[in-house]
Amino acid sequence: MSDMQSARRDLSCPTLPGPDVRKIIAGVLLIVLVLFGQQLYGRVTAAGRLNPALQGATGPRNVIVVLDFIPDRFHNERVAEYGVFAGRDGTLNRIRLRNVSPDSLARLAAVAWVARIEPLP
Amino acid sequence: MSMAKASNRSSARRALDQVAWRLLPLVPFALVLAAWIAYWTIARPPPATLPAVPDVAAALWELAAKGELATHVAASLWRLLLGVLLGAISGVIGGFIVGLNRSVSEFISPLVVFFNAISGIVWLPLVIGWLGIGTALAVFLIWNTVFFIVFQNTVLGVQLVPQVYEQGVQALGGGRWETIRTVILPGALPYILTGLRSGLGFGWRALIAAELVGATTGLGQMIFGATEYHRSDIIIGGCLIIGVIAIAMDRWLLLPIEQRTIERWGLVFDARKEE
Amino acid sequence: MSASAARSAPARLREHRKGLAAGRPLRNLKILLPFAVLVAAWWAIYLSVDFSPQVLVSPLAVWRAFAHLVSHGVMAEYASTSLRMIGFAALLSLLVGVPMGFAVGINRYAAHALDGFLRFLQGISGIAWLPLAIIWFGFTHTTTLVIVIYTLIVPIVFNTMIGVRAIPEAYTLALRSLGASRLRLVKDVYLPGALPSIVVGLRLGMGYGWRALIAAEMLVRKGGLGDLIFGARTFGQIDRIITGMIVIGCLYIVVDRLIIQPIENLTIARWGVLRQ
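Chains as they are written, first to last, in the numbering used here: chain L, 1 to 121; chain S, 122 to 396; chain E, 397 to 672.
There could be a bad hint or two in this list.
For lysine to aspartate or glutamate, the following DMTMM-like pairs were computed, each having C-alpha atoms within a straight-line distance of at most 25 Å [what the hints assert, rightly or not]: (1) S:Lys187 x S:Asp176; (2) E:Lys426 x S:Glu227; (3) L:Lys23 x S:Glu227; (4) E:Lys583 x E:Glu565; (5) L:Lys23 x E:Glu565; (6) E:Lys618 x L:Asp72; (7) S:Lys187 x S:Glu349; (8) E:Lys426 x L:Asp20; (9) L:Lys23 x E:Asp652; (10) E:Lys618 x L:Glu77; (11) E:Lys583 x E:Glu660; (12) E:Lys618 x E:Glu473; (13) E:Lys618 x S:Glu349; (14) E:Lys618 x L:Glu81; (15) E:Lys426 x E:Asp652.
Worth flagging that the hints you see were computed from the coordinates, not collected in a lab.
All chains, full assembly: derive it from the sequences and hints.
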């Protein structure tokens with residue numbers, strides 16, 4: 001009698017997705033992590049990067065992009081996409097950019113490997 | 122009398138059908154050729170973009186006459202031979218060692234999956250520092266490609282030999298070596314041959330890729346070198362030769378070997394001709 | 397009746413499932429152990445022989461290079477470029493290749509005609525066409541995409557063709573005798589029947605395509621993991637090369653074993669009945 005009851009209970013319980021479906025979910029999640037993980041992290045921490053003086057900018061600004069490391073050509077190229085490259089600010093890891101539009105500023109702040117964005121005096 | 126005429130007509134039609142069936146595979150090639158000629162006559166593209174058909178033939182003829190073509194083909198085939206031999210021998214030996222030992226094969230399996238995932242050209246930047254440009258690099262890359270294919274197929278073949286045959290030989294008093302020679306080897310042979318056939322195809326493709334990036338002679342280098350001078354005629358001609366050699370090797374070298382060995386050992390195996 | 401025999405089937409199934417759940421961490425360990433041994437052997441060899449850093453680096457150096465590339469945003473971008481490229485190429489190849497495979501597979505003569513031609517094209521790997529693609533499209537992403545699609549589409553068309561041809565005529569005849577339209581036939585017979593083969597073709601294609609992608613990226617040098625490892629070669633950065641190689645292998649394994657192979661299993665489980 002108790003066996004029949006447990007049988008009915010098992011049939012009504014929803015079964016876990018099979019091993020194949022679990023693998024697919026895990027695989028897709030991993031790929032999504034690779035594709036968007038760092039971008040997402042950058043976007044979530046964007047507020048901390050932008051100097052308060054630059055928040056809510058309405059027109060193009062001149063900024064200093066500060067990195068935590070000496071940039072490769074890769075990083076110089078990427079940073080230069082957001083404004084007009086205007087040389088270094090003292091050390092190699094401080095890059096001057098002119099004419100950065102508010103939209104580009106927001107996007108630059110969302111880049112995960114940028115440490116800070118300071119206003120260019 | 123009319124029956125004889127009718128049967129003559131149907132046998133003639135059957136013969137015609139057979140001929141048509143044989144010629145059918147040539148149709149796509151003919152269509153591509155026709156499209157090429159048509160496009161060239163109508164659009165007159167610059168020779169660097171799409172050369173005329175006779176230009177390609179002329180370029181090939183010129184290379185053949187100068188002996189360059191033979192040099193390149195020989196260099197490529199030589200590298201292929203070395204790489205495939207090394208890959209096949211190491212693959213079969215490795216496959217037997219691992220296939221016969223279940224715990225070893227279970228342990229090694231994840232490693233094989235991983236190294237198979239990076240087999241071939243992915244090793245190029247690393248190995249070019251060890252072996253430089255040239256034949257050694259190409260042979261390594263081919264060996265790498267062929268080894269994993271032959272190895273995996275051999276392991277599969279060895280493991281799939283029905284245990285009852287092994288036990289039969291052992292019951293008759295045969296030792297380990299006896300078992301391997303008389304039962305496992307013939308039993309695994311279809312898989313080994315499939316692996317060799319695949320391996321040869323993959324090896325040829327890996328060779329061309331390797332020569333594109335790191336060689337001084339060979340068909341791959343021939344077509345890549347021609348890029349600098351915008352000689353599309355050489356490139357297209359070279360590609361056609363690469364394709365012809367691939368088909369020739371598969372059809373006239375391997376397929377007969379595969380069929381004859383399977384016939385000889387009378388193995389019941391659905392030789393997958395379409396794969 | 398003994399206590400064990402009195403246990404019902406559902407109870408046994410529950411225990412079996414619990415056993416499986418307990419076994420999973422053990423199975424994961426079994427997968428990781430060989431790699432741990434490999435890294436240990438690598439380290440041992442590295443320590444015992446005095447290798448120049450141009451030839452081999454230690455596992456630690458590789459790990460540091462990986463951390464460096466990730467924290468500097470380099471790895472994410474190059475890996476994403478490659479993944480996007482293969483994904484896009486796979487999508488396009490399926491959209492074009494499957495209908496082509498259907499169209500050809502349905503007709504016996506077309507299938508026989510194209511068999512040799514497709515093999516020929518496969519023999520000239522996509523990479524061999526790279527020089528021509530460079531002349532036509534330059535050193536751009538278009539070149540890479542064209543080559544990868546070429547490499548991917550041939551196995552897809554081929555296997556779709558095989559899949560369609562393997563469907564027993566009885567099924568198509570049965571539905572047609574019930575008055576089904578062509579479209580209905582495709583949806584209810586051809587597509588499910590050929591689906592396992594299509595996925596097999598996709599899997600093969602991804603194997604060829606991923607390799608072709610890496611090779612193309614090495615030559616075109618416009619981003620992607622092939623560019624990363626080939627570029628690192630120029631500076632002799634063996635640690636970056638090995639990192640790149642490992643990432644290339646791991647990404648392929650994730651896509652192949654965690655996504656495509658389970659899909660293959662599911663389609664065969666559901667529609668593979670037709671094969672018998």
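**OP:** State the violated hints by number, sorted upward, taking the hints as numbered earlier in the document.
**Re:** Result: hint 5 breaks, nothing else.
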